[in-house]
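If you read the sequences in order, they're chains A and B. At position 56 of the first sequence (counting the first as 1) the number is 127 in our numbering, and the numbers step up by one without a gap. At position 92 of the second sequence (counting the first as 1) the number is 1236 in our numbering, and the numbers step up by one without a gap.
Among the clues, some could well be false.
Under the rule of at most 30 Å between Cα atoms (straight-line distance), these lysine-lysine pairs were calculated in the DSSO-like manner [said to hold, decoys possible]: (1) B:1211 to A:86; (2) A:128 to B:1200; (3) B:1146 to B:1211; (4) A:82 to B:1200; (5) A:86 to A:128; (6) A:128 to B:1146; (7) B:1146 to B:1186; (8) A:88 to A:128; (9) B:1211 to B:1200; (10) B:1200 to B:1186; (11) A:82 to A:128; (12) A:88 to B:1211; (13) B:1200 to B:1146.
Keep in mind the hints are simulated off the structure, nothing from the lab.
Chain by chain, the residues:
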Amino acid sequence: GAGVSQSPSNKVTEKGKDVELRCDPISGHTALYWYRQSLGQGLEFLIYFQGNSAPDKSGLPSDRFSAERTGGSVSTLTIQRTQQEDSAVYLCASRNVPYGYTFGSGTRLTVV
Amino acid sequence: QKEVEQNSGPLSVPEGAIASLNCTYSDRGSQSFFWYRQYSGKSPELIMSIYSNGDKEDGRFTAQLNKASQYVSLLIRDSQPSDSATYLCAVPRSNTGNQFYFGTGTSLTVIP
């Protein structure tokens, strides 16, 4: 596609439920990133995929968070047993080196 | 010291003035630098990239880079109310190249 596509755009879930967030990067971009941004805060790195290499998971805040990227394209970020502090905007970005990241429009997650 | 530092602002300038946004970085090996604009409630949008020392101009925007001083800036000439946003500085990590450090952003308000 022309841009990075994320779905859903908004998600409200009950505390303790699992959620899946989807990212469809720009075709041909080998690098894919997940960030989250809480209200009024900066970007918090979560995880990075590059081609077929093992992902860099160093930013995942707990073992409730996991992500996969299938076929080098679509990625899914899963949050298990959601907590209220997980409420944030989850941003996906892809990149074709040496150019900058292109961000998707994000998924706004609200845990109630 | 943070990897990328920006004044959080808020920075207010009158319409038509020059807005100057500054960023310092700690990784001396970084080779490329990016500026993103983020409107409230939206995802970051890439507006400028710079790879060499000196100035790079694109319309009303000028990026300035001084690698010796580890300093990159963004000038916005003839500021417009539509320029009111948060501006993020991004610097790739020299050891991986693919992953960015992001500043926390400078909030700019252009007053009509």
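Hint check results:
1. With a C-alpha separation of about 47 Å, the suggested pair residue 1211 (chain B) and residue 86 (chain A) falls outside the 30 Å cut-off, and the hint is violated.
2. In summary, the hint linking residue 128 (chain A) to residue 1200 (chain B) is not supported, as the alpha carbons are separated by about 35 Å, beyond the 30 Å threshold.
3. A distance of roughly 17 Å separates the Cα atoms of residue 1146 (chain B) and residue 1211 (chain B); the hinted pair therefore holds under the 30 Å criterion.
4. Only pairs whose Cα atoms come within 30 Å are accepted, and residue 82 (chain A) paired with residue 1200 (chain B) is rejected, the gap being roughly 41 Å.
5. Our distance criterion of 30 Å between C-alpha atoms is met by residue 86 (chain A) and residue 128 (chain A), whose separation comes to about 24 Å.
6. Pair hint residue 128 (chain A) plus residue 1146 (chain B) holds up; C-alpha atoms about 21 Å apart against a cutoff of 30 Å.
7. Proposed proximity of residue 1146 (chain B) and residue 1186 (chain B) is supported: the alpha carbons are some 25 Å apart, at most 30 Å.
8. With a C-alpha separation of about 22 Å, the suggested pairing of residue 88 (chain A) with residue 128 (chain A) holds against the 30 Å cut-off.
9. A distance of roughly 14 Å separates the Cα atoms of residue 1211 (chain B) and residue 1200 (chain B); the hinted pair therefore holds under the 30 Å criterion.
10. Taking the CA atoms of residue 1200 (chain B) and residue 1186 (chain B), the gap is about 26 Å. The hint holds against a cut of 30 Å.
11. This hinted pair checks out: residue 82 (chain A) and residue 128 (chain A) have alpha carbons roughly 23 Å apart, not beyond 30 Å.
12. This hinted pair does not check out: residue 88 (chain A) and residue 1211 (chain B) have alpha carbons roughly 48 Å apart, beyond 30 Å.
13. Our distance criterion of 30 Å between C-alpha atoms is met by residue 1200 (chain B) and residue 1146 (chain B), whose separation comes to about 26 Å.
Violation of the numbered hints given earlier is confined to hints 1, 2, 4 and 12; the remaining hints are satisfied by the structure.
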